[in-house]
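Trainee: Knowing the structure of chain C, use the given hints to seat chain S on it.
Protein chains: 2
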Amino acid sequence: MTRQGNSPTLGELLEPFAHRCEQDLGRWLIEPGVPGTLAEAMRYCTLGGGKRLRPALVHMAAEACGRTGSNLTARAAAAIEMVHCCSLVHDDLPAMDDDTLRRGRPTAHVKFGQAMAILVGDALLTRAFGLLAKADDRRSGRLTCELARAAGAAGMVAGQVADMDLCQLPEGLEGIRFIHLRKTAAMLRAAARMGAICADADDKTVDALGDYAEAIGLAFQLFDDLLDVTGAAETIGKTPGKDAGADKRTAAAQLSLDGARKLGNELTDRAIASLESLGEKADTLICLTRLPALRTH
Amino acid sequence: MTRQGNSPTLGELLEPFAHRCEQDLGRWLIEPGVPGTLAEAMRYCTLGGGKRLRPALVHMAAEACGRTGSNLTARAAAAIEMVHCCSLVHDDLPAMDDDTLRRGRPTAHVKFGQAMAILVGDALLTRAFGLLAKADDRRSGRLTCELARAAGAAGMVAGQVADMDLCQLPEGLEGIRFIHLRKTAAMLRAAARMGAICADADDKTVDALGDYAEAIGLAFQLFDDLLDVTGAAETIGKTPGKDAGADKRTAAAQLSLDGARKLGNELTDRAIASLESLGEKADTLICLTRLPALRTH
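Going line by line, the protein sequences match chains C and S.
Residue 269 in my numbering sits at position 269 of the first sequence, and the numbers go up by one each step.
Residue 21 in my numbering sits at position 21 of the second sequence, and the numbers go up by one each step.
Only chain C is shown next, with the shape it has when bound in the complex (with noise of 0.2 Å):
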């Protein structure tokens, strides 16, 4: 990853909401009466890394409609994050993608067996909705559609069935674009939409916010997936190649290097453009778009 002027990397621009979710996390996560294993094995899944994208899109969605740092944008953020750990726990596990580095660290069913991994992924995302409903607030209700939606048979679940070859799909680009949609754009589409939600912002910004932060997604997987097989493992946090080395469905082998370029520039503008009614306030939004993550490679 190399720098372009004074651009902030991925990292430096999400820091701020990173920190922020973390202590969220950290107050939220466990319930009382949790068994003592289950919460560390919780804590060990949800904790101590990951760059936060899907939070900070819930807190910089909420900004750029005017209202930062409510309790139920944290709520929202926090629940979100641990739907987003229940995937990856669930997805690593030897049944799906039977990967066994994370974040740089063992992944939860080598370090807590299959059993606990299962049930974590399951308590998470069980977590996450009662997180939202005990806001106890007039746009919760709302949030949980959102992020059920996203989240669910239709959303996130069905993009991981897709990737795992479990069900039809398009030929070609249109069958990647239909799991990165689905598996990582959804998501992020719901992080923003429910920051605006938590702003109360109209329907109209709300899915400008979303068409925004879909079109992020889809550069953000292609730059993944193009990463993944011309990356290293301390700067993925993964073993390098292993998609395509599966022989996954993957931009890289659809796209040439020229084409995925072209590509990922054409959604940034398009997000950018989704961004044109918010003026100043979508800044650090527009300069999410503008990271070499983004653009290059």
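It is possible that some hints are incorrect.
No copy is singled out in the list; a pair is fine if it fits within one copy or between any two copies.
Simulated pairs of lysine to any residue, SDA-like, Cα-Cα distance not exceeding 25 Å [to be verified]:
#: 1; residue 1: K204; residue 2: G33
#: 2; residue 1: K111; residue 2: D98
#: 3; residue 1: K204; residue 2: P32
#: 4; residue 1: K134; residue 2: K204
#: 5; residue 1: K111; residue 2: D97
#: 6; residue 1: K111; residue 2: M164
#: 7; residue 1: K134; residue 2: S70
#: 8; residue 1: K51; residue 2: R67
#: 9; residue 1: K111; residue 2: C167
#: 10; residue 1: K111; residue 2: Q168
#: 11; residue 1: K134; residue 2: D200
#: 12; residue 1: K51; residue 2: E12
#: 13; residue 1: K134; residue 2: L181
#: 14; residue 1: K111; residue 2: L166
#: 15; residue 1: K204; residue 2: E31
#: 16; residue 1: K204; residue 2: T284
#: 17; residue 1: K111; residue 2: M96
These are computed hints drawn from the structure, not numbers from a lab.
Mentor: Coordinates of chain S only, in the frame set by chain C:
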């Protein structure tokens, strides 16, 4: 299982509610946009069988509070059954209880593979919370809190963690009670409380119905343990003797038949006492405690 006088069987008592729940699940289970193979697996794991005890308790508790058949009650009933079905699918996995037969049919991972079984569970859990939120009702948040608490890391997931020997437990019967309270009784308690909440019952009545259901949950699990030792596959729909053979903690290992019968009767007496303030409206719930299935063996 022997009939006593004119008592209905458990199946006969639950049948009208099971029928209603089956219809509601068929209507609400699959959102638009779910891949066909995933939808098929979700239907396989949810429709076509099961006692539907949890949804029946939601409806019966609402009836006992004087309100029947509302849309919210039906959603609550369907949601808790989806969460229950998720737990069955995940508990059956090779890394957990490694069961190949459920309700007389191949378990989900035998039929669709482990990856799909893990994903179906996640989809069902997510759909349950989405369904409650979509009711867009002032009581949705409270219902979600009840369901999340009962299903999550301090409830049903904790029960399975304990049952899998993944956390420390008290010795002997206390350890069994720890498991039964979380793995079975917590969800029955939540079902009855959710029914009462749907019917706008006061807090005292919500608590009373929850206490009733917890007691019959403990009695039911006691019966299930004992039947597992003495029963036949056609009665219980799974391989008999499996739990004892796997050397799992069961009441059968700790209690004589007489001791188990005495404990079962104490639990059902306690359940009936919890219903005192409800008068005749609780007749169906009292009938449930008097079933041979709960009082004999």
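Trainee: Now tell me, hint by hint, if it's right for this structure.
Mentor: Do the hints match the structure? See the list:
1. K204 x G33: between (42 Å within a copy, 23 Å between copies)
2. K111 x D98: The answer is both: 13 Å in one copy and 21 Å across copies each meet 25 Å.
3. K204 x P32: between (40 Å within a copy, 23 Å between copies)
4. K134 x K204: For K134 and K204, only the inter-copy Cα distance (21 Å) is at most 25 Å; the intra-copy one is 27 Å.
5. K111 x D97: For K111 and D97, the Cα distance is within 25 Å both inside one copy (16 Å) and across copies (20 Å).
6. K111 x M164: Both: 24 Å inside a chain and 16 Å across chains, each within 25 Å.
7. K134 x S70: This pair counts as both: shortest intra-copy Cα distance 15 Å, inter-copy 24 Å.
8. K51 x R67: Within one copy only: 23 Å inside, 49 Å across.
9. K111 x C167: between (31 Å within a copy, 15 Å between copies)
10. K111 x Q168: between (34 Å within a copy, 18 Å between copies)
11. K134 x D200: Classified as both; 19 Å inside a copy, 19 Å across copies.
12. K51 x E12: within (10 Å within a copy, 54 Å between copies)
13. K134 x L181: between (30 Å within a copy, 23 Å between copies)
14. K111 x L166: between (28 Å within a copy, 13 Å between copies)
15. K204 x E31: For K204 and E31, only the inter-copy Cα distance (24 Å) is at most 25 Å; the intra-copy one is 37 Å.
16. K204 x T284: Intra 20 Å, inter 50 Å, cutoff 25 Å: intra-copy only.
17. K111 x M96: both (17 Å within a copy, 16 Å between copies)
Hint compliance for this structure: no hint is broken.
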